[in-house]
Every structure is written in structure tokens, then in C-alpha cells.
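Protein chains in written order, with my numbering: chain G, 1 to 537; chain U, 1 to 96; chain E, 1 to 382.
If you're looking for bench data, these hints aren't it; they were derived computationally from the structure. For clarity, every value in this text was computed on a predicted model and none was experimentally measured. We put the CB at the ideal spot given by N, CA and C, even for glycine. Please note that a few of the clues may not be correct.
[As the list claims (entries may be wrong)] DEER-style ranges, computed between Cβ atoms:
{"id": "1", "chain 1": "G", "residue 1": "Arg-218", "chain 2": "E", "residue 2": "Arg-125", "range": "49 to 57 Å"}
{"id": "2", "chain 1": "G", "residue 1": "Thr-232", "chain 2": "U", "residue 2": "Ala-68", "range": "21 to 29 Å"}
{"id": "3", "chain 1": "U", "residue 1": "Asp-19", "chain 2": "G", "residue 2": "Leu-149", "range": "29 to 37 Å"}
{"id": "4", "chain 1": "G", "residue 1": "Asp-83", "chain 2": "E", "residue 2": "Met-73", "range": "45 to 53 Å"}
{"id": "5", "chain 1": "G", "residue 1": "Glu-340", "chain 2": "U", "residue 2": "Asp-19", "range": "44 to 52 Å"}
{"id": "6", "chain 1": "E", "residue 1": "Ala-349", "chain 2": "G", "residue 2": "Arg-281", "range": "36 to 44 Å"}
{"id": "7", "chain 1": "U", "residue 1": "Ala-68", "chain 2": "E", "residue 2": "Pro-145", "range": "51 to 59 Å"}
{"id": "8", "chain 1": "G", "residue 1": "Asp-327", "chain 2": "E", "residue 2": "Ile-235", "range": "53 to 61 Å"}
{"id": "9", "chain 1": "G", "residue 1": "Arg-357", "chain 2": "U", "residue 2": "Glu-62", "range": "50 to 58 Å"}
[To be verified] Some, not all, of what chain U presents toward chain G, calculated at C-beta under 7 Å:
{"id": "10", "residue": "Cys-8"}
{"id": "11", "residue": "Thr-50"}
{"id": "12", "residue": "Ile-58"}
{"id": "13", "residue": "Ser-75"}
The residues making up each chain are set out below.
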Amino acid sequence: MNRSVDVAIVGAGPAGICAAIETARRGARVLVIDENHTPGGQLFKQIHKFFGSARHRAGVRGIEIGRELVDSAVKAGAEFLTDSAALGVFPGPRLAVNVGNEEAIAVSAKRILLATGATENAVSFPGWTLPGVMGAGAAQTMLNVNRVLPGNRILMIGSGNVGLVVSYQLLQGGAAVLAVIEAAPRVGGYAVHANKIARAGVEILTSHVVTEARGVDRVTSAQVAKVDDRWTPIKGTEREFEVDAICIATGLNAMTELARMAGCRIVHLRELGGYTPWHDRRMCTSLPEIYVAGDAAGVEEASSAMEKGRIAGISILEDLGFIAPCDAQTERDDLWKSLEALRQGPFGNTVRRGYDRLFGDESRCSSCTSAHRGEDFMVGSAPRKAPGYPSDTRLAKGPVAVIECTQEIPCNPCESACARHAITVGDPITSLPRLDEDKCNGCGRCIAYCSGLAIITIDAAYSDTEALMGFPYEFLPCPNKGDEVSLVDRLGKPIARGRVMRVTKPMDGTRVVYAVAPKELIHDIRGIKWQAGGESQ
Amino acid sequence: MSDSKESCLVCRCEELTEDEIRQAIREGCTTLTAIKRRTRAGMGLCQGRTCQRLILAILAQETGQDVAELVPDTSRFPVRPIRAELVGDLRDGEDS
Amino acid sequence: MAKTVDECQVAIIGGGIIGCFIGYYLSARGMDVVVIEKADLCSGATGANDACLMAQSKKPGPKLDMAVESAHMFETLADELDYDIEYVRKGSMIIQETEEEAQAMREFCTAQKDAGLPVEFLDQRETHRAQPCLSDHIIGSTVCPLDGEVNPFALLVALDRAIRRYGGRIMTNAPVVGFEVAGNRVTEVATDRGNVRADVVVCAAGAYAPLIGNMLRIEIPIRPRRGQILITEPIAPLIGAYVMSAKAIAAKHRAVAVHENNSGKDDPMQFGLGMIISQTVNGNMVLGVTHEFVGYDAGTSIRGLGSIARYTSTIIPALKGVNVIRTLAGLRPFSEVGGPVIGPIGEYANFIVVTGHEGDGVAVAPSTAKGVADKIASGAWG
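Given these sequences and hints, build the entire structure.
Structure follows, in C-alpha cells:
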């Protein structure tokens with residue numbers, strides 16, 4: 001049976017669902033159409049804790065955010081059509097939808113919101129079509145949704161956040177990640193994500209590319225080489241890795257098929273992933289009945305997707321007369337402020353530039369708030385001067401937190417973690433966390449709150465020769481009190497051994513493991529390695 | 001088996017190599033659609049979802065244009081495969 | 001004043017099947033040729049084709065003769081062009097669903113047989129033995145073993161290369177924007193990429209010919225007629241001869257009252273739904289087709305796609321479970337004067353129009369183009 005609704009939303013990811021909540025709760029008839037079985041978009045496989053602020057649900061795991069959003073949308077009165085792919089847009093506008101592979105219908109709507117997300121970029125190199133070579137997103141779905149490891153010895157191509165996070169999750173799943181291969185001279189994603197996997201012993205090779213994947217029925221090895229400043233492999237630098245899977249995390253691009261089919265004007269903006277439907281600040285495309293939101297409107301991430309979805313929802317409500325234009329504008333202004341807050345800091349530079357070009361604000365100076373994001377960050381470097389790092393005097397006095405967070409990323413759950421308000425981030429939320437070492441008593445509560453797992457505690461007064469160090473731990477099995485563990489440096493190299501004195505109950509999946517360590521190594525030991533858990537080789 | 005970079009596959013569905021794509025461009029194809037017609041690249045099951053970006057990069061390189069100046073292929077129903085029987089369900093009118 | 005970027009003896013507007021064949025025959029005879037195409041080769045009706053070459057649908061007369069002559073020419077074309085154009089001759093089958101259609105086809109085909117076309121009548125049993133996948137309700141068919149299929153993309157690649165081998169040029173992304181004239185002769189074709197001086201100009205622009213004609217204030221009696229097509233994933237060989245419905249022919253030639261088909265509400269004739277089912281060399285099923293006057297709208301429609309899927313599934317039920325992976329639409333050059341428009345037109349002695357073949361362009365292209373090339377090369381035209 002064909003359907004007719006006020007708002008048809010293609011894609012039940014964070015953008016689509018947030019738009020559904022906005023529009024449905026104010027009385028519009030809303031239908032959300034998604035080809036997956038479970039709504040939530042990419043959220044249903046994001047098992048890591050989110051960044052951002054409390055408003056953006058920082059510290060909450062993606063899958064949980066997904067569930068909450070879907071509940072809210074259903075409560076607001078939105079209808080979901082899952083296992084249903086929107087296959088085409090026709091004049092009307094109407095969507096042709098394959099419902100559950102059992103029936104096809106036409107959905108007529110006054111407004112269509114395309115929140116179709118983004119798709120992974122392919123990279124070609126000899127052997128890339130061998131079984132076992134796949135997108136990192138595909139690997140993540142296999143791992144987190146289907147509970148299947150794509151391989152046991154994995155090479156990751158790409159050091160953006162997707163590559164780093166998926167590498168971490170593959171480690172959690174029990175696979176060995178041999179290396180992350182990055183063609184650029186610096187790591188693309190957040191330092192905290194890179195540090196997490198570096199501590200686990202994953203090599204991050206910048207200025208490297210995969211030159212060939214080899215194998216017969218599936219990939220069995222990969223050749224990697226260093227590149228010069230013209231991206232040309234340098235002879236003599238080749239290394240072989242024995243792998244059974246290669247994951248490719250070289251960026252995403254907006255899925256514009258439906259927008260193109262409808263006749264929306266498409267622009268190419270490298271900063272936003274490539275081809276993107278042109279749209280205005282109301283999230284309306286060049287066609288008045290078609291809106292875009294989320295990654296389909298420019299590749300960013302989930303928190304921004306939610307805001308973009310809300311903006312689109314408000315604008316659609318305005319079009320349909322459910323809210324007055326001045327109210328719509330007020331809400332939009334508020335949402336834009338929030339969006340801009342998320343885009344602060346050096347990591348937001350690229351996206352901000354993309355949107356400035358899209359909205360024609362090219363004269364606006366996209367201020368870079370600090371040094372290039374990579375300048376201060378070398379994987380494995382010790383940030384003794386960071387505002388979250390306590391002084392030697394304070395360390396000598398007893399338990400204290402050590403926050404190794406040195407990049408301006410939009411994130412502040414640590415601020416609300418401390419009962420004594422010893423950690424401040426302030427405004428903008430990209431500011432580096434500052435530790436008031438006098439207020440801090442080293443209780444370790446903040447350890448499990450930090451989405452980047454960048455906080456440990458050190459009690460250098462534990463004994464004359466030893467310190468007690470608390471580390472976040474998210475692997476299974478977990479060591480128990482009394483077990484002896486390897487103590488590793490920032491690059492995962494074991495430099496000492498220590499006995500576990502205490503393991504906390506998991507707080508939302510994160511445990512804190514307290515181990516005794518040689519006092520002279522407190523500035524170097526940054527993690528533990530224990531048998532099957534946390535091992536990478 | 002070791003391939004040189006030039007004969008690396010670009011379109012997996014139709015098994016077309018980079019060489020064949022470059023050849024089509026050198027013979028006068030200036031758009032993705034033209035390359036598709038000439039080589040079948042993008043006519044397979046994924047309808048260009050995987051190879052389109054790769055081909056555009058090659059096209060930009062060969063013609064000296066910026067990728068931003070190139071035009072993607074026409075997008076057509078269905079964006080995912082669908083049984084003919086279900087296409088037969090599609091009709092105008094009768095909305096509820 | 002726009003720059004003249006090339007000059008030639010014959011400038012051909014339109015890089016489709018007709019334009020490229022004309023370019024080929026002319027350049028093979030030593031004439032200097034430039035083909036001017038607004039987008040890329042094969043981007044018009046030729047690129048939205050079912051690629052079926054049919055003589056069987058034509059009543060005796062020049063159209064049938066052209067189709068038969070072209071069929072013979074296609075046999076040796078691959079060798080001549082030194083390229084695999086994927087020409088196969090598995091024949092065509094026109095199926096009948098009602099007694100009235102069967103009667104109409106008997107009359108139609110008798111006339112064709114008398115004119116020399118090899119056509120056979122198959123009864124119900126013979127029809128199903130020839131093509132077991134056909135629905136039980138098909139009561140008979142006519143088959144023509146002369147009819148074949150070709151890959152129009154491959155064909156145009158072959159013609160493109162041949163034209164270049166003979167020294168001809170192909171200008172793509174060069175929409176025509178106007179002309180220079182002197183007296184009753186067109187002297188230059190003005191395009192977005194510069195002007196081309198020519199002794200003779202051929203307009204093989206298909207459905208877009210009227211727009212070209214407008215630039216010279218000539219009325220070319222052509223209208224675009226849209227055809228929508230569904231393309232499926234590749235499957236194992238399902239049919240031999242490609243299959244067409246007798247409905248259109250019966251309606252045209254005998255003024256037969258239209259019937260509803262088995263699936264219910266659709267009336268195939270109501271909005272110009274013909275039926276054709278073919279299978280490419282790669283195994284894709286090509287299902288078609290509509291005949292709609294919608295101006296220059298080359299989009300697909302819910303109505304068109306749904307109707308094609310329904311009707312073709314009633315003819316070959318196995319199609320129901322096959323995945324459709326692509327749909328497309330093309331604009332055929334429909335002639336308002338009952339047949340192709342070929343020859344000098346209007347006040348310009350050297351402006352030769354060759355279009356209006358509607359859905360038969362590929363089928364009659366070789367003979368049509370050769371005839372035109374002969375006339376131009378001999379000086380009879382231009």
C-alpha cells in the first residue's frame with residue numbers, strides 16, 4: 001500500500017532520528033526509512049564512549065546513545081520502517097521503497113530528508129580485491145554487530161579516527177593489529193585514540209603505504225613501504241607483514257545517490273568528503289522539498305549529525321507551518337552555536353573550511369585556535385608540560401591523576417567526573433583539561449570517565465621504591481588481584497613487571513587496574529599487558 | 001602473484017584494470033559516464049559505488065582537471081538491487 | 001567572432017549510431033570528416049537501447065528493406081571494423097497472447113514472407129519448445145532468424161576508432177550553439193568549443209534535431225519519445241531469440257481493440273507500453289519499454305517501471321525473482337511524418353538531416369548511413 005506522510009526521512013542514523021524527534025513531537029506525520037534491521041545508523045556499532053559535551057552525550061557509548069534516540073523518536077510518535085531500502089526519488093516528491101524485501105511501495109511526502117550517511121572510500125593497490133581486504137567500517141560491523149572477527153592478524157590502512165578506533169576494537173575482539181599504515185607524515189585522528197593502540201603495541205607507521213597485498217584465495221601478506229614527499233614508495237624501505245585481513249580506513253564520502261537522482265545540485269568539497277548536496281543553513285538543498293542532514297550533508301561525526309538533523313527538522317516544521325519562522329530561527333541559531341562548538345579546535349579546521357566554502361563565507365577567517373593538531377603530537381611522547389600533568393612535587397606527595405590529553409578536541413566529560421572539581425576544561429570545550437593538583441586526591445574516579453582513556457593515577461608515595469599506578473582497562477579477560485602483569489610504555493614496549501593490587505568493578509565497561517610499578521619509571525609506564533588481554537603480537 | 005600498479009583492478013564487478021580505464025580516457029572519454037559506456041566500468045552489481053571515486057581520480061590525473069570539476073554519473077533507481085517482482089508492486093496513486 | 005578550430009568536408013552533428021556510421025562510411029571513402037557531439041559518444045538514444053535489431057516488426061516497403069540490408073551488413077561489420085561489436089543472430093520472437101493478435105500476425109507475416117523476409121509461424125507447442133521460460137498463456141509466435149542483437153557501446157567504440165584511423169576527428173563536449181551561413185549554404189558549425197568550417201553539414205542529432213533546426217529556422221518534424229528500460233543482474237541464459245509482444249503490431253496494423261493483460265489493472269497500450277525482453281552477452285536481462293511523449297524528460301517514472309516489470313513478468317514468470325540493478329530512459333527521435341527524415345531540408349542545400357528512426361536507429365543504421373554517404377560523396381547531396 002502506498003503511503004502519504006508529512007515527512008519522509010531516509011536513514012535512521014543520529015541525524016535522521018534527531019530530525020524525527022523534532023518533527024514528530026510537534027505533530028508532523030513522520031516516517032523514518034532505514035535499510036538496516038536495527039535503527040541507529042552507525043551508532044549501533046560504535047561501542048566506544050563518545051566525546052563532545054554532556055549535551056552531546058559525551059562519555060556514553062554509541063550503542064546506548066542509539067537506543068536512547070530511537071526510544072525518544074518512537075515516544076514522539078515517529079514511525080520506523082526498517083529492513084527497508086529507499087531505492088529512488090521520483091517527482092511528487094515520492095520515494096520508492098523496498099519494504100522488507102516483500103513489497104515495494106511509493107511514499108509520498110511533503111518533505112523528504114536525506115540522512116543517508118556516508119560510505120567508505122576505496123583504495124586500489126595490487127591485490128586489493130583479495131578476500132580479506134575490506135573497509136574498516138565493514139570490519140567494524142562484522143565485529144560489533146555480527147560478532148565475527150574479520151581476521152586474526154590485521155593491517156589497518158589509515159590513521160584517522162575510524163582507523164584508530166576500529167583498530168582498538170579489533171584488539172578488544174582478540175585480533176592482533178600488526179600496524180596502522182598512514183600515508184601522511186602525521187597521524188590523522190586524535191592523539192588519545194592513537195595512544196590507546198600504541199600502548200597496546202600497535203605500530204603506527206606514518207609516511208607509509210601498502211604497495212601490494214598478496215595471497216591466492218585470500219590475503220596472506222602485505223608489503224608496505226615508506227614514501228617520500230611525493231607519495232612515491234622509496235626503494236629499500238619495504239617491509240612484509242603476514243596478515244589475514246587488511247582494513248581500509250581512508251575516509252568517507254557522502255551517499256548522494258538519492259540527492260542526485262532527485263536533481264539536487266551537487267558540489268564537490270574535499271573538506272567534507274567530496275561530492276555533497278549543496279544546501280543552505282536551514283539544511284535545504286537546491287530543491288525546496290528535499291533536505292539533507294548528517295554525514296550525507298558533509299562527513300563529520302555523530303554529534304554534529306545530531307545537530308544537523310535537528311536543524312533540518314526545525315526547518316521542515318517551519319515549511320509545513322508547525323512552528324513560526326521566528327521560533328524556528330531562534331532554535332536554529334542555538335543549534336548552530338552548538339554545531340560550531342563541536343567544530344572548534346584544530347581538528348575542526350578542515351570541516352569549518354568546507355562549510356565556509358559551501359555557505360559562501362570564504363572571506364570569513366576560519367581561525368585556527370592553536371598549532372596544527374599534529375605538531376605537538378608524536379606518538380609516544382611524554383607531555384610533561386601539559387596542564388593535566390602534575391608536578392614532581394605533587395607526585396611525591398601521594399595519589400594524583402595524570403591527564404595526558406594534549407590536543408584541542410571537543411570533549412569535556414572529565415570536568416564533571418571529579419567530585420572535587422579538580423579538573424577544568426571550561427569554554428570552549430576544546431580547551432585542554434587543567435588539573436588542580438592540590439584539589440586532586442588521586443581517587444581515580446576520572447579514569448573511567450575519560451572517553452579517550454587518557455587518564456591514569458600515580459601514587460608515588462606507595463613505598464620507597466615503588467609506585468601504585470591505576471590504568472583504565474577495557475579488555476577481556478581482565479587480570480585479577482595478585483596477578484603479575486607486564487608494564488608497558490607509551491609504545492607498548494614492556495619495560496617492567498608489576499603485581500596487580502586491585503581491580504575495580506567495570507564502570508560502563510571500563511575497569512581500573514592498580515599495579516605496583518618501579519618508582520623511577522612512573523613517567524614512562526602507561527599501560528599493562530596481560531596474556532590474551534591487551535596483547536598485539 | 002605480483003601485479004604492476006598499472007594493471008591493478010579498478011572496477012571489481014566488471015574486472016577492469018587501471019590500464020583499460022586510462023585507455024578509454026586517452027581515446028576521448030572525458031566523463032565518468034563516457035568511461036562507463038566505453039568500458040562497462042560501473043555497470044556491475046555495485047553500479048559504480050566502489051569504483052566511481054577511483055575512476056574520477058584517474059580521470060582528474062589524465063585530463064589535468066581537479067576532481068571538483070568532474071561530474072559524477074547519473075544516479076538511477078534502484079540504488080540497491082531489487083527483485084523484478086517487487087518493482088512490479090510500484091504503482092501511482094492509492095496513498096494511505 | 002568565434003574561433004574556427006577545424007575545417008572539413010563534412011561536419012556531422014550527433015555522435016550516436018547514425019552520426020558515427022555516416023562518419024565511418026564517409027571517412028572510409030577518403031572524405032575529411034568531423035563528428036560533433038554535445039556530450040560523449042553514445043549518450044543519446046543509442047546509449048539507452050535494447051540493442052535489438054528487428055526486421056520482423058516492419059511491414060514490406062523501404063523500412064523492411066533497410067532492416068534486411070543492414071542485417072546482412074552487420075554480419076561482416078566486426079571483421080571490417082576489427083572490433084568485437086558482440087553481434088549475435090539468435091533471431092527474434094513475437095509472441096501472441098490472444099487469438100486476435102495471432103490472426104493479425106498471420107496477416108502481417110504473410111505479407112512479409114511474400115516480400116522475401118524469412119519468418120516462421122510457431123504454434124503454442126512449438127513456441128514453448130523454442131523458449132521454455134515463456135508463460136503458459138502464450139498461444140503462439142512468429143520468429144525471424146535474420147534478426148540479431150549488437151552491443152551499441154562496443155559498436156560506437158569501433159566506429160570511433162575507425163573514423164580516427166581514417167583521419168577523421170571526433171569533438172565531444174561540443175554542443176552546437178549556432179551556424180554561420182552564406183546565401184543558401186551553411187558554412188560553419190558554431191560550438192561551445194569553437195567553430196568548424198564544412199562543405200556539408202549532416203544533422204544526425206536524433207531527438208535533439210529540432211533544436212538544431214531551430215538555430216537555422218528550419219522546422220524538423222521530429223519529437224522526443226521516451227523509452228524506459230529495466231536492466232537486471234547477469235543470469236544464466238534464459239532466452240534465445242529476444243521476445244517482443246504482438247500487441248503493438250496488432251494494434252497498429254489491424255486496429256485491434258486493446259485488452260487488459262493477465263496481471264490486472266495495467267493496459268499496456270494505454271500509455272504506450274510495448275514489450276521487449278532481451279538478454280545481453282553478459283547475461284543481463286533487458287526489459288522494456290515505454291513510448292511516451294514527455295518532452296525532453298529523460299527520467300524514469302514509477303508508472304513506467306512498475307508497468308514494465310509487471311508486464312514482462314507475465315510473459316516470462318522466472319523474471320520475477322531476478323534482481324533489477326539499473327533502470328534508464330532514452331529519448332527516441334519520433335517522426336511526425338510517418339518515417340525517417342532523410343535528406344537536404346529547408347533552404348540550405350548543404351544541410352542534410354538524417355533522423356527520425358524512432359526505435360529502429362541501430363537496426364537500419366548501416367544501410368541508411370551508407371546510402372547517405374553515397375549521396376554526399378557523389379555530390380548528389382550538398
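Consistency of the hints with the structure:
Under the hint 49 to 57 Å, the C-beta atoms of G/Arg-218 and E/Arg-125, about 51 Å apart, fit the expected range. At about 24 Å, the beta-carbon gap between G/Thr-232 and U/Ala-68 stays in the expected band of 21 to 29 Å. Separation of U/Asp-19 from G/Leu-149 is about 36 Å and conforms to the stated range, judged on CB atoms against 29 to 37 Å. For the pair G/Asp-83 and E/Met-73, the supplied restraint of 45 to 53 Å holds, since their beta-carbon distance comes to about 52 Å.
Separation of G/Glu-340 from U/Asp-19 is about 47 Å and conforms to the stated range, judged on CB atoms against 44 to 52 Å. The supplied range of 36 to 44 Å is broken by E/Ala-349 and G/Arg-281, whose beta-carbon atoms lie about 59 Å from each other. One distance hint, 51 to 59 Å for the beta-carbon pair U/Ala-68 and E/Pro-145, holds here, with the actual separation near 53 Å. Distance hint check for G/Asp-327 and E/Ile-235: the Cβ-Cβ separation is about 56 Å, which falls inside the suggested range of 53 to 61 Å.
Distance hint for G/Arg-357 and U/Glu-62: a CB-CB separation of about 26 Å, inconsistent with the stated range 50 to 58 Å. Annotation: U/Cys-8 was flagged as interfacial toward chain G, and the flag holds, the nearest CB pair being 5 Å apart, inside 7 Å. A distance limit of 7 Å between C-beta atoms decides the matter here; for U/Thr-50 the minimum to chain G is near 5 Å, and the interface restraint holds. Below 7 Å, beta-carbon pairs count as interface contacts, and U/Ile-58 has none with chain G, the closest being about 9 Å; its hint is therefore violated.
Taking 7 Å as the C-beta cut-off, the interface hint given for U/Ser-75 holds, the closest approach to chain G being about 4 Å.
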